[in-house]
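K.L.:
Sequences and hints are given; from them, build the entire structure.
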Amino acid sequence: MSLRALWVISHEKTNNVSIRFSRRFSTVEHRARRLAGSSYVEIPEDSTVLQLLLNELGLSHPDKPYVAVRDDCLYRQRSPALELRVDSPGKGKLWPVLAITQGPLILSCLPLVDAPPEPRPPLANLLSVSQGLTLLAGLQTFLLGSGSKPDSEGLASRLAMLPSVLLQVCPLGTPLDVPPHGAPTTPWYTCLLGTRSSQPGRQGSSVVGLW
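Position in the sequence shown counted from 1, then plus 1231, gives you my numbering.
Derived by calculation from the structure, the hints in this document are not laboratory data. Accuracy of the hints is not assured; some may be wrong.
[Unchecked claim] Label-pair ranges, simulated between beta-carbon atoms: (1) Arg-1251 with Pro-1402: 20 to 28 Å; (2) Asp-1345 with Ser-1253: 18 to 26 Å; (3) Asp-1382 with Pro-1347: 21 to 29 Å; (4) Arg-1255 with Pro-1347: 18 to 26 Å; (5) Tyr-1297 with Gly-1385: 31 to 39 Å; (6) Ser-1253 with Leu-1407: 15 to 23 Å; (7) Glu-1349 with Ser-1388: 41 to 49 Å.
No residue lacks a Cβ here, since even glycine has one placed at the ideal position from N, Cα and C.
P.N.:
Here is the structure:
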């Protein structure tokens, strides 16, 4: 399983929603382009992704009582995999875009589907969906800790650590599901949390000894 892209979005204040972190994996995107062929849909700019995600999650235009793409039952999503309708560049649909929300954060990713876009494979057959959700849940635990609303400084510090964290747990867009032979099987985010809490004054050491 590999990721084409990952986003961390802050939505604590609806009128000040922003992408706090994003990462795109060019090697995975090259594979996506090759697999899809003429059906390939390019991931748009972060600002466009943000608006499309908010629409699909029903979080856009809070001042308006009704927005068709947000409220019409024909558009509402009933699965963990969102479909983002992209107008440009390369009009088409991005699927499956996974998203989880808790407290002030939305975490989202776009897994690579190792299959032609049509006919669309059933979600139950896509291991990348369950693995993608597992990765998002781990990142959520790392960023928010045991609570759902960390202090702003703590969250900013953990967001600043994400590049180093991803380099170890998701190098080149491929999550490391299995630790090295003979190593403990504690989830990576549990190790990160334990290290961080035991060494509060050393942020850089929180990604050491991942397994």
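K.L.:
Is it true that Asp-1382 and Pro-1347 lie within 21 to 29 Å of each other by Cβ?
P.N.:
violated (46 Å)
K.L.:
Within 41 to 49 Å: is that where the Cβ-Cβ distance between Glu-1349 and Ser-1388 falls?
P.N.:
Roughly 44 Å apart at Cβ, these two residues keep to the hinted range, so it holds.
K.L.:
Quick one: are Tyr-1297 and Gly-1385 within 31 to 39 Å, going by C-beta?
P.N.:
holds (38 Å)
K.L.:
With respect to the beta-carbon atoms only, verify the hint that Arg-1255 and Pro-1347 lie 18 to 26 Å apart.
P.N.:
holds (22 Å)
K.L.:
CB of Ser-1253 to CB of Leu-1407, is that within 15 to 23 Å?
P.N.:
holds (21 Å)
K.L.:
Okay, Asp-1345 versus Ser-1253 on CB: inside 18 to 26 Å?
P.N.:
With Cβ atoms ~23 Å apart, the hint holds.
K.L.:
Within 20 to 28 Å: is that where the Cβ-Cβ distance between Arg-1251 and Pro-1402 falls?
P.N.:
Holds, since Arg-1251 and Pro-1402 (Cβ atoms, about 22 Å apart) stay within the stated range.
Checked against the numbered hints listed earlier, the structure breaks hint 3 alone; every other hint is satisfied.
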